[in-house]
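J.: Given next are the chains, with one letter for each unit.
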Amino acid sequence: MKLRANLIIGGALFALAILVGLLAPWLAHTDPVLDANLLNAEEAPSWTWWFGTDDQGRDIYSRVVYGARISLTVGIVSQLINSVIGVGLGLSAGYWGGWWDDFVNGLTNLMLAIPSLIFALAIMAVLGPGLTSLLIALGLTNWSFTCRIARASALSLKSQGYVQAATVLGYGDLRIMITQLLPNMLGPIVVIGTLGMGSAVLSEAALSFLGLGVRPPFPSWGSMLSDARDQITTAPWLSVFPGLAIFLTVLGLNLLGDGLRDILDPQSRSRRT
Amino acid sequence: MTGSPLIEVEDLRIDLNDGSRCVAAAEGISFRIDRGETFGLVGESGCGKSITALALIGLLRQPLSIGGGVIRFEGREIQQLSAAGQRELRGNRIAMIFQEPMTALNPVSPVGRQIAEMFVLHKGKSWREANQLAVEALASVRVPAPERRVKDYPHQLSGGMRQRVMIAIALACGPDLLIADEPTTALDVTVQAEIIELMRNLCAERGTAILMISHDLGLVANVCRRVAVMYAGRIVEERGSADIFRTPSHPYTQGLVASLPRLGSRAALGRTRLKEIAGVVPAITSFPDGCRFNPRCTRATDICRTAAPDTTWLGPGGFVRCHHHA
Ligand SMILES: Nc1ncnc2c1ncn2[C@@H]1O[C@H](COP(=O)(O)OP(=O)(O)OP(=O)(O)O)[C@@H](O)[C@H]1O
Ligand code: SF4
Ligand SMILES: [Mg+2]
Numbered sequence: 015m016k017l018r019a020n021l022i023i024g025g026a027l028f029a030l031a032i033l034v035g036l037l038a039p040w041l042a043h044t045d046p047v048l049d050a051n052l053l054n055a056e057e058a059p060s061w062t063w064w065f066g067t068d069d070q071g072r073d074i075y076s077r078v079v080y081g082a083r084i085s086l087t088v089g090i091v092s093q094l095i096n097s098v099i100g101v102g103l104g105l106s107a108g109y110w111g112g113w114w115d116d117f118v119n120g121l122t123n124l125m126l127a128i129p130s131l132i133f134a135l136a137i138m139a140v141l142g143p144g145l146t147s148l149l150i151a152l153g154l155t156n157w158s159f160t161c162r163i164a165r166a167s168a169l170s171l172k173s174q175g176y177v178q179a180a181t182v183l184g185y186g187d188l189r190i191m192i193t194q195l196l197p198n199m200l201g202p203i204v205v206i207g208t209l210g211m212g213s214a215v216l217s218e219a220a221l222s223f224l225g226l227g228v229r230p231p232f233p234s235w236g237s238m239l240s241d242a243r244d245q246i247t248t249a250p251w252l253s254v255f256p257g258l259a260i261f262l263t264v265l266g267l268n269l270l271g272d273g274l275r276d277i278l279d280p281q282s283r284s285r286r287t
Numbered sequence: 652m653t654g655s656p657l658i659e660v661e662d663l664r665i666d667l668n669d670g671s672r673c674v675a676a677a678e679g680i681s682f683r684i685d686r687g688e689t690f691g692l693v694g695e696s697g698c699g700k701s702i703t704a705l706a707l708i709g710l711l712r713q714p715l716s717i718g719g720g721v722i723r724f725e726g727r728e729i730q731q732l733s734a735a736g737q738r739e740l741r742g743n744r745i746a747m748i749f750q751e752p753m754t755a756l757n758p759v760s761p762v763g764r765q766i767a768e769m770f771v772l773h774k775g776k777s778w779r780e781a782n783q784l785a786v787e788a789l790a791s792v793r794v795p796a797p798e799r800r801v802k803d804y805p806h807q808l809s810g811g812m813r814q815r816v817m818i819a820i821a822l823a824c825g826p827d828l829l830i831a832d833e834p835t836t837a838l839d840v841t842v843q844a845e846i847i848e849l850m851r852n853l854c855a856e857r858g859t860a861i862l863m864i865s866h867d868l869g870l871v872a873n874v875c876r877r878v879a880v881m882y883a884g885r886i887v888e889e890r891g892s893a894d895i896f897r898t899p900s901h902p903y904t905q906g907l908v909a910s911l912p913r914l915g916s917r918a919a920l921g922r923t924r925l926k927e928i929a930g931v932v933p934a935i936t937s938f939p940d941g942c943r944f945n946p947r948c949t950r951a952t953d954i955c956r957t958a959a960p961d962t963t964w965l966g967p968g969g970f971v972r973c974h975h976h977a
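For the protein sequence lines, the chains are U and Z, in the order given.
Take 15 as the starting number for the first sequence in the numbering used here and just add one per residue.
Take 652 as the starting number for the second sequence in the numbering used here and just add one per residue.
Where hints are given, some of them may not hold.
Said to hold, decoys possible - Distance ranges between label pairs, derived from CB positions: (1) Z:Trp778 / U:Trp61: 56 to 64 Å; (2) Z:Val721 / U:Asp272: 55 to 63 Å; (3) Z:Thr962 / U:Ser173: 31 to 39 Å; (4) U:Ala29 / Z:Arg793: 44 to 52 Å; (5) U:Pro39 / Z:Met753: 52 to 60 Å; (6) U:Trp40 / Z:Gly810: 34 to 42 Å; (7) Z:Gly726 / U:Ala127: 53 to 61 Å; (8) Z:Ala735 / U:Leu258: 56 to 64 Å; (9) U:Leu262 / Z:Ser716: 56 to 64 Å; (10) Z:Glu725 / U:Thr146: 55 to 63 Å; (11) U:Leu94 / Z:His806: 28 to 36 Å.
No lab work stands behind these hints: they were computed from the structure.
For each residue, glycine too, the CB sits at the ideal point set by N, CA and C.
Work the whole structure out from these sequences, hints included.
T.: This is the structure in structure tokens:
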């Protein structure tokens, strides 16, 4: 039952974050960018300003709510790109083998040798800050684990009876990969994708904190943290709430990933019974 | 033996190359199967039945390869076909049912979809049409309530049902040849008989030729008109099913026939294993010189240990390869 709790709490936190992002225009009290009013600058949290206001008098609650959109978009889209690249390379490498496998292995090892945040930083430095560059930078640098898992699964699955049967029945390579191999490795890929989404949200925060992410005045949780740096002692609420949002979202995704692994991995399933 | 054969194998050799050396896993394999005919390939485990079948559909993979000979399907050499040409034959004109029926279905795909995929792949049908045809295909293998069963996943079906689904998939595109490699080894005896009966009837109705592979001579002779007996990578005797029981000619075949409990009877179906002949099949890397059966043969003489026996014809379509055949 403890295992199910992972899944439920994680799923609920992630669903909540998505809901907040989707419903942002209705949940927010003010416009996150335009409604600046210096008369309300640096108000502490209160009934009027739930999460307080910043030095320009913008409502932090509304900015955190809108920030969910950017942070989650980065998390989901960049991880999707990673999953597609990782599965595409790993699956074909495992199935075909030969020089293509060697090449993909080399590439994967190279990616694993360079810390992905450093790599992303380098890409951002070339592309310049902004949402699109962020998606590209994070989407291209975090596929090695997915690739490894997809390759290992393809290697073990390709000797399965039904994969051989498909060959005998005249399936082409692409059809075999898509109908026979992919659906049978989806479990671990989804788990890694979920965990990867969490780390992409963190990476977004880190890059935005370094001033390489979404450009102000648009709010992402990372850029809000970055803005709040100087006022951490005078107006701690500026950092606490976006930080909490990141924390809860990443926690939710990690719990969800763990929970999914427990129900999708047949080995851990049999261990439980 | 008239008309043009459906499939014709001439002096086929299959090489096993493990990097350091190359040995023939099977050699001198020749047979032909006419349209709608039933042909059996019998022999002990490891004698090369499955690799022969894989060669027929162009699916030998490293370390195995075709080392010589020709395979013609409707007069066209299979080795000369492009990869796409071979794929076009597989599943469409030549289908195969497997030794391992339990694992031959994709566990995460409903069985109806797996049948329907054949119509989409080989007949260019839309998924809508294909799904409809899948229900009919399932009905034709006597699966009850097929319109509900198509949605089932393999693990929801019994072994016998799964093998019926495999037959439905294999026969979906109306192939000219069905290769059945130990199609019932994993099933219990009563189900076995049902499945064999079903397969034989469907193929007879549709004029589909069968190449049946098994180590069970009783089973094969029951289904097939002609039988070839393999030993250590060679065909040692090929006869009509009735002849092989009445007048087995090769000492190995004689041993097989003698080991059957009751000739060709129902009780013999599927139960017997070919273990009554003293000795074991030699390993692929240490085939003896001359006749490969000589270490186990009671009739062996000096010539058997030095020269491989030639083919001796025994009436129309039958032959034996033995220096001292009966
Ligand atoms: N992929 C492979 N790699 C190496 N050797 C192989 C391979 N496949 C088959 N062989 C060898 O080729 C020989 C013939 O194998 P094959 O599978 O055709 O036997 P079989 O007659 O079908 O036996 P069974 O009744 O056990 O299925 C065996 O000695 C086997 O060890
Ligand atoms: S050739 Fe000789 S060894 Fe071989 S089966 Fe005939 S008698 Fe026996
Ligand atoms: Mg076999």
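J.: If a hint holds in the structure, say so; if it doesn't, say that too.
T.: Cross-check of the supplied hints:
Under the hint 56 to 64 Å, the C-beta atoms of Z:Trp778 and U:Trp61, about 58 Å apart, fit the expected range. As the Cβ distance of Z:Val721 to U:Asp272 is approximately 58 Å, the hint placing it in 55 to 63 Å holds. At about 38 Å, the beta-carbon gap between Z:Thr962 and U:Ser173 stays in the expected band of 31 to 39 Å. At roughly 47 Å, the beta-carbon separation of U:Ala29 and Z:Arg793 lies within the given 44 to 52 Å, and the hint holds.
Evaluation of the 52 to 60 Å hint for U:Pro39 and Z:Met753 yields a pass: the beta carbon distance comes to about 55 Å. Taking 34 to 42 Å as the suggested C-beta distance range, the pair U:Trp40 and Z:Gly810 does not conform, at roughly 56 Å. Between Z:Gly726 and U:Ala127 the beta carbons are some 57 Å apart, a value that agrees with the proposed interval 53 to 61 Å. Restraint check, Z:Ala735 to U:Leu258: a C-beta distance of roughly 58 Å satisfies the suggested window 56 to 64 Å.
The hinted window of 56 to 64 Å between U:Leu262 and Z:Ser716 holds, with their beta carbons roughly 59 Å apart. Evaluation of the 55 to 63 Å hint for Z:Glu725 and U:Thr146 yields a pass: the beta carbon distance comes to about 57 Å. In this structure, U:Leu94 and Z:His806 meet the distance hint of 28 to 36 Å, their C-beta atoms being roughly 30 Å apart.
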